[in-house]
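Visitor: Let the hints inform the model, and build the full structure from the sequences given.
Number of protein chains: 2
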Amino acid sequence: MPLLGLLPRRAWASLLSQLLRPPCASCTGAVRCQSQVAEAVLTSQLKAHQEKPNFIIKTPKGTRDLSPQHMVVREKILDLVISCFKRHGAKGMDTPAFELKETLTEKYGEDSGLMYDLKDQGGELLSLRYDLTVPFARYLAMNKVKKMKRYHVGKVWRRESPTIVQGRYREFCQCDFDIAGQFDPMIPDAECLKIMCEILSGLQLGDFLIKMAWKDVRHEMVVKKGLAPEVADRIGDYVQCHGGVSLVEQMFQDPRLSQNKQALEGLGDLKLLFEYLTLFGIADKISFDLSLARGLDYYTGVIYEAMLLQTPTQAGEEPLNVGSVAAGGRYDGLVGMFDPKGHKVPCVGLSIGVERIFYIVEQRMKTKGEKVRTTETQVFVATPQKNFLQERLKLIAELWDSGIKAEMLYKNNPKLLTQLHYCESTGIPLVVIIGEQELKEGVIKIRSVASREEVAIKRENFVAEIQKRLSES
Amino acid sequence: MPLLGLLPRRAWASLLSQLLRPPCASCTGAVRCQSQVAEAVLTSQLKAHQEKPNFIIKTPKGTRDLSPQHMVVREKILDLVISCFKRHGAKGMDTPAFELKETLTEKYGEDSGLMYDLKDQGGELLSLRYDLTVPFARYLAMNKVKKMKRYHVGKVWRRESPTIVQGRYREFCQCDFDIAGQFDPMIPDAECLKIMCEILSGLQLGDFLIKMAWKDVRHEMVVKKGLAPEVADRIGDYVQCHGGVSLVEQMFQDPRLSQNKQALEGLGDLKLLFEYLTLFGIADKISFDLSLARGLDYYTGVIYEAMLLQTPTQAGEEPLNVGSVAAGGRYDGLVGMFDPKGHKVPCVGLSIGVERIFYIVEQRMKTKGEKVRTTETQVFVATPQKNFLQERLKLIAELWDSGIKAEMLYKNNPKLLTQLHYCESTGIPLVVIIGEQELKEGVIKIRSVASREEVAIKRENFVAEIQKRLSES
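In the order they appear, the protein sequences are chains A and B. Throughout the first sequence, residue numbering follows my numbering, covering 733 to 1205 in sequence. Throughout the second sequence, residue numbering follows my numbering, covering 733 to 1205 in sequence.
Honestly, the hints are just simulated from the structure, not real lab data. Watch out, some of these pointers could steer you wrong.
Any copy, or any two copies together, can satisfy a pair, since identical chains are not distinguished.
Straight-line C-alpha distance at most 16 Å; calculated EDC-like pairs for lysine to aspartate or glutamate [claimed, not checked]:
{"#": "1", "residue 1": "Lys1103", "residue 2": "Glu1204"}
{"#": "2", "residue 1": "Lys887", "residue 2": "Asp797"}
{"#": "3", "residue 1": "Lys833", "residue 2": "Asp849"}
{"#": "4", "residue 1": "Lys943", "residue 2": "Asp1016"}
{"#": "5", "residue 1": "Lys1143", "residue 2": "Asp916"}
{"#": "6", "residue 1": "Lys993", "residue 2": "Asp1133"}
{"#": "7", "residue 1": "Lys793", "residue 2": "Glu856"}
{"#": "8", "residue 1": "Lys793", "residue 2": "Glu834"}
{"#": "9", "residue 1": "Lys879", "residue 2": "Glu1197"}
{"#": "10", "residue 1": "Lys790", "residue 2": "Glu834"}
{"#": "11", "residue 1": "Lys1137", "residue 2": "Glu1197"}
Guide: And the structure:
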């Protein structure tokens, strides 16, 4: 039954793609504006200079540059996400940006049409990767890896059709953690949920809830196994309920479920999972939600989705419609699709919707008026006099060679005010000043930009003094 | 003269592309083998299972997966490179993986044919980026940025034609640092050379030398300005020489050069540069090499290239032909190509040939038999008895919640030997052990994997004790 494995993946990918596609409509307004302004500016300029390039300078539709401001926020968030993945023993890996087209074919259901194909320039037919999960499954099958805990942070590309492109980027970052291998039931699944909780707590995005859907309970047992209609109806009651351990217990005590073998097995696994989540201290974060089970036909086990419970609305902040910020699930059939003998490697994983998280954090910083430093420079080398370029170059080389982050202006004779203003505007905390007086006395002045205090330090001790001050701050 | 700006860039890109293309022929042997083996295995298996997928599982030609082992080496090297860029006050940024095709057109000279075009799926015509420099220039022009010091680490793609693909990857990583803006002469140029030296020293790749070519000295003054033939001849003598400051001094003292206005200007700038390099303490690392000046017509200033002087040959190590590991230069015309009014933004930058460096470091580790840990796990949670899953889950959650990197086996009842073997094979230094005895006494055993010593610690103190041990090691 080579086609059987296709189905679970397709639906899981479809859910993931809906959950994780970056950010919501509101967040691209700025980008679209910027692009329109740029186009307008350029068009007007082109009229006056018809001899200059007659194309518009822009990034491709659905993409954008990441400015230094964006990068600072991303780096912080990705550091937190990756350090959580490492805390759970995951190895890093990477795959090429594109795959053979046939590797990706029939993995994404109706979303296949949204892949970026490369032009046939002779040779293989290629497509840009659409997620990080299919390349991972291809890697496992190709290298006959039966067991692996890995994370992968990288860009993926989805050519959203114009009608649904509204507010979504076509290039975006994914952060995935997956556990491949045959293990005792629910232990890796529980760890994936724990990881989601750790990351969402760590990012301090406010309260969140992870909603789970359980395939086997409804579809597998009711539709496929042909449960009696009254049992299906009974389950229908639970579908309306949301809840955690208590809901599982409730279902267990329902004789119409607990007296059915298939139902009992499914409920047993579910109970086990909640037992582990309780030991992990996160059971209260997980809500069992049968009504969530979109595309239920195709999953091979649990699927889950993390929602922010309330947007961090603060004075003057635009209300955010952020929704889902992480999703995951079990996909036991995907690796087998790549294996010539169809050998399966059970997998469970999660994907953090980092683009949405970037957006939330950026908006929050904007609201608070938080200024982001886009450099990490610790010391600025300045002079109040002319003809001190040589001394400045010597001093800055000493700082660099001692591992200190240092800058100076690339001018022979900059004004002192310009230099101090540069420190203030870029947030550099310390200035070392060398002038005629200092040179004569064999000292260097160290100035705190915040307090404007200056002290003279012996030339030969200045690096040590800087290091001391930096370690204290 | 809208075409004038095209030329300098073209040759610089061509030089860079020759210098920085990743690694040498020898290094893909393993990858090719692996791929052939994979193909053979698959082909044989396919014979027995004709009903299974009839395509080969592989990565696209010229690309490869990066295994956890690769990733560990890369992460270390990229950390060092990026921290150097930050030490010099650079901001991070990123651009999309693809650009409008016309953005890249006519920037790379004859290499244009090597770009990956995306399929025309309706909409814009796109190509994968070929380097990080043209997207940077596009960014500056599009946002009207006149001054910026940025670094950019990212993948680029070059569709090498089959005849030259030998040993080169079509997808590879570049690490670029660039300074854009109008500044006093040679100060940013000297900093770029300083950065190259810091990175190459920091990576401990062995001795290296940065070779510089100076366009103005030979081409600009001799060919374009029509110097007297005897002056050209005289310069011909110097072309044979390699050297640093002394060579510049020597040329200065040659009346046939020093009495020529253009020659004197060019030499003056060169002298200035060497003065700055001396103040930076790196003049001895820089060799002035007129014979290097390939494609001399097109540069707007200095171009430079860093070569490893000797390969780190050690007992049993294959001789490495690594050649150039970094390159850079001045490209004052590129940004103007994107500006409707042709406004120029002078730029100077460098690109670290990280793929070659990855390869050298990997080879060296292989020779030394150095084992790479692919995870960072600090503590393993084990039990010698059955039915201790619950206790293990509680313990590991405490460790995770305290920020400690911890793992356990996903088995209900793993054997103790299997658990300890896992620690040894993956390099986990500490084990916490919980069993019946420990549970009864309210303790946890902490075991050092290296010394096999075990101590019992009160259950409530075990996290603190672990943290103490980790901070000491």
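Visitor: What are the numbers of the hints that this structure violates, sorted from low to high?
Guide: 1, 6 and 9
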